[in-house]
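So the chains spell out like this:
There are 4 protein chains.
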Amino acid sequence: MASNFGTLFRISTWGESHGGGVGVVIDGCPPRLPLSEEDIQPDLDRRRPGQSDIVTPRKEEDTCKILSGVFRGVTLGTPISIFVPNTDARPEAYSEMQTHFRPSHADFTYQSKYGVRNWEGGGRSSARETIGRVAASAVAKKVLKLLFPEIEILAWVSRIHDIESQVDAASVTMASIESNAVRCPDAHAAEAMIARIKQIRSEGNSVGGLIDATVRGMPVGLGEPVFDRLEADLAKAMLSLPATKGFEVGSGFAGTLLTGLEHNDPYEIRDGAVHTTSNRSGGVQGGISNGEPLLFRVAFKPTATISKPQSTVTTSGEESTLAARGRHDPCVLPRAVVMVEAMTALVLVDHALRQRAQDCLPR
Amino acid sequence: MASNFGTLFRISTWGESHGGGVGVVIDGCPPRLPLSEEDIQPDLDRRRPGQSDIVTPRKEEDTCKILSGVFRGVTLGTPISIFVPNTDARPEAYSEMQTHFRPSHADFTYQSKYGVRNWEGGGRSSARETIGRVAASAVAKKVLKLLFPEIEILAWVSRIHDIESQVDAASVTMASIESNAVRCPDAHAAEAMIARIKQIRSEGNSVGGLIDATVRGMPVGLGEPVFDRLEADLAKAMLSLPATKGFEVGSGFAGTLLTGLEHNDPYEIRDGAVHTTSNRSGGVQGGISNGEPLLFRVAFKPTATISKPQSTVTTSGEESTLAARGRHDPCVLPRAVVMVEAMTALVLVDHALRQRAQDCLPR
Amino acid sequence: MASNFGTLFRISTWGESHGGGVGVVIDGCPPRLPLSEEDIQPDLDRRRPGQSDIVTPRKEEDTCKILSGVFRGVTLGTPISIFVPNTDARPEAYSEMQTHFRPSHADFTYQSKYGVRNWEGGGRSSARETIGRVAASAVAKKVLKLLFPEIEILAWVSRIHDIESQVDAASVTMASIESNAVRCPDAHAAEAMIARIKQIRSEGNSVGGLIDATVRGMPVGLGEPVFDRLEADLAKAMLSLPATKGFEVGSGFAGTLLTGLEHNDPYEIRDGAVHTTSNRSGGVQGGISNGEPLLFRVAFKPTATISKPQSTVTTSGEESTLAARGRHDPCVLPRAVVMVEAMTALVLVDHALRQRAQDCLPR
Amino acid sequence: MASNFGTLFRISTWGESHGGGVGVVIDGCPPRLPLSEEDIQPDLDRRRPGQSDIVTPRKEEDTCKILSGVFRGVTLGTPISIFVPNTDARPEAYSEMQTHFRPSHADFTYQSKYGVRNWEGGGRSSARETIGRVAASAVAKKVLKLLFPEIEILAWVSRIHDIESQVDAASVTMASIESNAVRCPDAHAAEAMIARIKQIRSEGNSVGGLIDATVRGMPVGLGEPVFDRLEADLAKAMLSLPATKGFEVGSGFAGTLLTGLEHNDPYEIRDGAVHTTSNRSGGVQGGISNGEPLLFRVAFKPTATISKPQSTVTTSGEESTLAARGRHDPCVLPRAVVMVEAMTALVLVDHALRQRAQDCLPR
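Chains as they are written, first to last, in the working numbering: chain A, 22 to 384; chain B, 22 to 384; chain C, 22 to 384; chain D, 22 to 384.
Keep in mind that the hints were calculated from the coordinates and are not lab data.
Where hints are given, some of them may not hold.
[Stated by the list, open to error] Chain D side only, calculated, beta carbon under 7 Å to chain A, not exhaustive:
| no. | residue |
| --- | --- |
| 1 | Pro51 |
| 2 | Leu167 |
| 3 | Leu374 |
| 4 | Arg377 |
[To be verified] To give an idea of the chain D side of the interface with chain C (calculated C-beta under 10 Å), a few residues:
| no. | residue |
| --- | --- |
| 5 | Gly136 |
| 6 | Ile181 |
| 7 | Asp183 |
| 8 | Val228 |
| 9 | Ser310 |
Model, not experiment: these values are computed from the prediction.
Idealized CB from N, CA, C, for every residue including glycine.
Turn these sequences into a full structure, and let the hints steer you where they fit.
The following block contains the structure:
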């Protein structure tokens, strides 16, 4: 359903950008997992507004509270409800939204679909909705770490606008990603990216770019044939994030320029196990993980909300112009890195539980 | 679940490439829809092997039979079971598969995941599995046409290997797509593509490329905020097709090189209705259709099965080489066009029913 | 999933009896429904502890707060999060529960299933969990009333222990049900029931009984053939309530003593429409509503928690005795009436939306 | 959805009583399970018409064919499609059904819901639909037996019309159940039941009764708190069977006449494990199995189809009479025993896989 994700490790997010707050209910979390707010807050802090001078200055602490499902420091196996209040909503900045549809935003489609919309903010299309996902993913990551101690989920900004970076997916570390505000592990490129974002913001404009992700220490056998292929569920997960326009796995779009002989990943025996000598498959074959690192990429468009004036129409059907007020990210990617990680963790934990369920007979 | 797709118009596909046959059960189809095998067969014929000299020569008639859910020419509202027997399976061509994992195919991952696999063919990872989807989509298309008479779903090959085409998405027609074996409406490019496919096949190699799709006559309001965004469900649908490596909607990856001001689609009033003057959004904003044509693109890798010898390992863990026998497509794209159409129709009909359900109060 | 109910009008409840509070997220609610806390509070008040001298004296106001999904008095079509804090939890009354399993309660099974449990209260097995259902049902009732203005959902206590009542399901009214603390519309029986409950409580014991329900003004055509028959979904809904042991629809268990000729409901034309002359079917035939009033009955066991000493075992495997402290209902039925209504409304609204979705082609 | 059952071990049934046949697709079955048609046929034979002189004389072999999902004698983990053709349909016996609604049958509700119906038989409301469930349950039983070697699912006729039986649920055996045509293990009562059924058939009438069921060797911990309680899912499963009117678990309706002290099941240590000294809970506490035998009962109404003339109306709204032709069971219970077993197995295997998935962390 619209606000549910997952089959076994299942989350329901709720909340608008301008209302009492946002939250998530996690159903199906394994019992006996040590869990407290301290496990969740770090990822929320990495996601929150105001964390650096290249993101929106909206001042939200995004402090989470676990309302259920945890008892004396461990999960009960019952639903975990996590709540994050909104504290710095400024609905007055949105007064024009009542009558003007913001171009390439969801105002017009929400109004058309529902016949009503919360015009005092972005409603459910706001990036604030992702708080619930990020909070849930912190729990998912803890489960994954217990199931697969070697697992490591990493995402980073690989391009902002036309500024490319040089990053080796095989060796990139969380520390290098977190070493700068734009979350690009290539320090030289990061500097240029930050400058670009500041410049574009000063022009009342915005930029997009690419986020790359990898998962190392992947177990073999996650993902289902046919509809719930691992890459299909990852694609859905990523395209469900605000501002995304594209997804590719392994060789992706560029791989279509190769022949089969060039593209196929030959097998070899390495350290006593079956491995591929290349990884154009991106760690997935036939929809199922093969134990090689997952590799995928997500395209984010430039932020729709800009302060430059744009042509639009009003709810009463008149042509007009609009220059957004309010506080917005000139570039969503630095914060979206955490969202990409989050959706990856949610997909993986769900598939891990599904595989565990079905693979129940002795081998 | 693995072999189920859709929430309300829900399909379950079954069958392996080398078994009694393949099929689909459709649950939730509206009652009173005129339906017979004649409605389904044309799309199966467009999908089937042996239809031209650039696809696999496997000789399957792919004749469908409706086993339930239809009475005196109309649907009953109860499950529609559609069956297509396999008639030209040649398991003997697969004897090496018992012991050798085909590179970049699903042999190794199926074996690892399940501890068993049908090595007498591709099992569920075979493109034969898509028969059920294509059959179901023929029903979906009939429902869509009754709900939205202007709707038109079109997909076509836009690039094979490095051979680009020139196609105007706004004016492309089904007739032009079907006018040649490669299903590229640019006749000049099509000729080159066909030549390339024949050449690459003669070398025992394979190629991939891109399929573009558009949906015209789209209703406003399909798609859900958050997880079941229309583009997210389309991304999942496309990445669930065999051999896909990427998906982009609207401006896609290229759009990330624009600024917000360049990228946003301004609104205007046209013919008395709200429209955008450009369509970089690809017909979806905030996850919900805005009435502009849907525009998206899918990347297909070169066919994994090639007859050139490749390095691989055996089920007993020894390094070896393998040169595939059997009959295979040197390029999956001409037939995949029908699969892209099919998955599009299945996503849209499901979202149409979902929107109809929720939008039940008077406006 | 465990804490989700419904296909289209879908609820997720969360919360334990002794934690921060309880709540529900409703996904799929139609947009533009007028809604405020005032619509929800009355049913919560009818459900809450401390409302009369025959229920638990636990003092909870059960004041609800809508955290999302409503804007300026109408629903947005996005998730509605409703929160009710716990204010009078007294975990100290449960200290023995840490080591002693209460007979016929869920302590042992939760401990066995999860390897952990919240022993400071009933956890998810507490009747407090039903707050979320009741809150969601108030929303469901409003939707149903707009879709089917004649609809009327009524439930009442028809027997406490061995005290039978005389109630005519065809004419019973909400006013007569609400006219006394036990919610039995037969005033004479009600008096005896109240006396029995007080007496049994004074003995440190408990009683159960029967709740009957009817739905008048039913639309024809709700319910699905096969698994999601209306009575099957009602049966599940009722057996998901705490302390329930049985369900019957229409003639129920007694109907098995009739022959087919005696049992069948003949058709007639009444007021120009097809009706049955009797209603042993209970308003459902072949799983689908036939427009006659729904009629069903639910059996509730005597409350498991009693203050008389009982034999039990400890978590360390020793035999022991236990006399419950804490505040408990000597009889759950007066408050369960509201829960039966609630689950009925949730089943009906979901089936109404499902039918609306599938029945989309012109008749 | 309407024709889907289960979360992880998921079945989709299809087919009408008068069409090409009926079938089922099982998704989520564990791989490596030895399986062939010989495992499935015995249960189909126990369910099929014509097996004795007290059931319908319709002559169906009900021979099943596995079309997918099994390779060289073991399951692949992919969907298992099972098909059973209809061979003895006689649509001519149903000609009056085109215009006359059979009382207490599904003709009127299907016509109203769908605006169309297959009047050449019972459509999806026919007991033939249960073939798919019984076939799937044979697979489920094999999985359960491997997971819980001690498990034993037994159902039997405990009452026909007003003829009671004396059966000890703790010691009843499959052999004693199968020792007579009515499937009542009390030989004396069985004789009277058979005589009653023959007599009532000779009168053109029908009878109903009760089926009791038990599951021994139950694992502890199956079932979920709140909505998917084990008894709630069993209640739904049973009420989804044709002709059912009621369900009770453990002490059921009779238990409501006891006080809490009389009703509660005290704990003791027996053979080193926690057990209850009585089993009024029916093996389930708080929705979760406690390791004691499951005990429940299902009420089946007298068969709706009788050959005595009854008052009804026609599709054109005129009052009329109808005397059914065609071949029908004068009493569904002897065959329904197999259906009750089947649904029990399907509920248990699904919950077993769910529990296995969630309970993934070390204890």
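Structure-based check of all given hints:
no.	hint	in the structure
1	Pro51	5 Å, holds
2	Leu167	6 Å, holds
3	Leu374	4 Å, holds
4	Arg377	5 Å, holds
5	Gly136	5 Å, holds
6	Ile181	9 Å, holds
7	Asp183	6 Å, holds
8	Val228	6 Å, holds
9	Ser310	7 Å, holds
This entry satisfies every hint, going by the numbered hints stated previously.
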